[in-house]
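Please model the complete structure; the sequences and the hints are all you need to start from.
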Amino acid sequence: MNDRIAVQADWENREFISHISLNIRRLFDFLIQFESTTKSKLSSLNLKLDTLERRLQLLELQVSTATANPSLFTSTTTTSA
Numbered sequence: 001m002n003d004r005i006a007v008q009a010d011w012e013n014r015e016f017i018s019h020i021s022l023n024i025r026r027l028f029d030f031l032i033q034f035e036s037t038t039k040s041k042l043s044s045l046n047l048k049l050d051t052l053e054r055r056l057q058l059l060e061l062q063v064s065t066a067t068a069n070p071s072l073f074t075s076t077t078t079t080s081a
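Numbering-wise (our numbering), the sequence shown opens with residue 1 and increments by one.
Among the clues, some could well be false.
[Unchecked claim] Cβ pair distances, simulated, as ranges:
1) SER44 to ALA66: 32 to 42 Å
2) LEU56 to ILE17: 49 to 59 Å
3) LEU47 to ALA9: 55 to 65 Å
Quick caveat, the hints were computed from the structure, so don't treat them as lab data.
Where is the CB? At the ideal position from N, CA and C, for every residue including glycine.
Structure follows, in structure tokens:
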């Protein structure tokens, strides 16, 4: 009877360990997928941010040029009488 209890306990322990191992594997798979997805999304956002930064630099240059040389942006028309 004592051997039967030991065998039953051993099987229960093995099932528990198997269950824990499976859940750890699922968690690991989720983390790998999450990392991959996150890297992809961050890369895409980084490209968009780089584009916006370049546009902002261009606009800042245009504003500073317009401020320093307003005559470049005003039209001078002459009328003949």
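Checking each numbered hint in turn, tell me which of them this model violates, lowest number first. none
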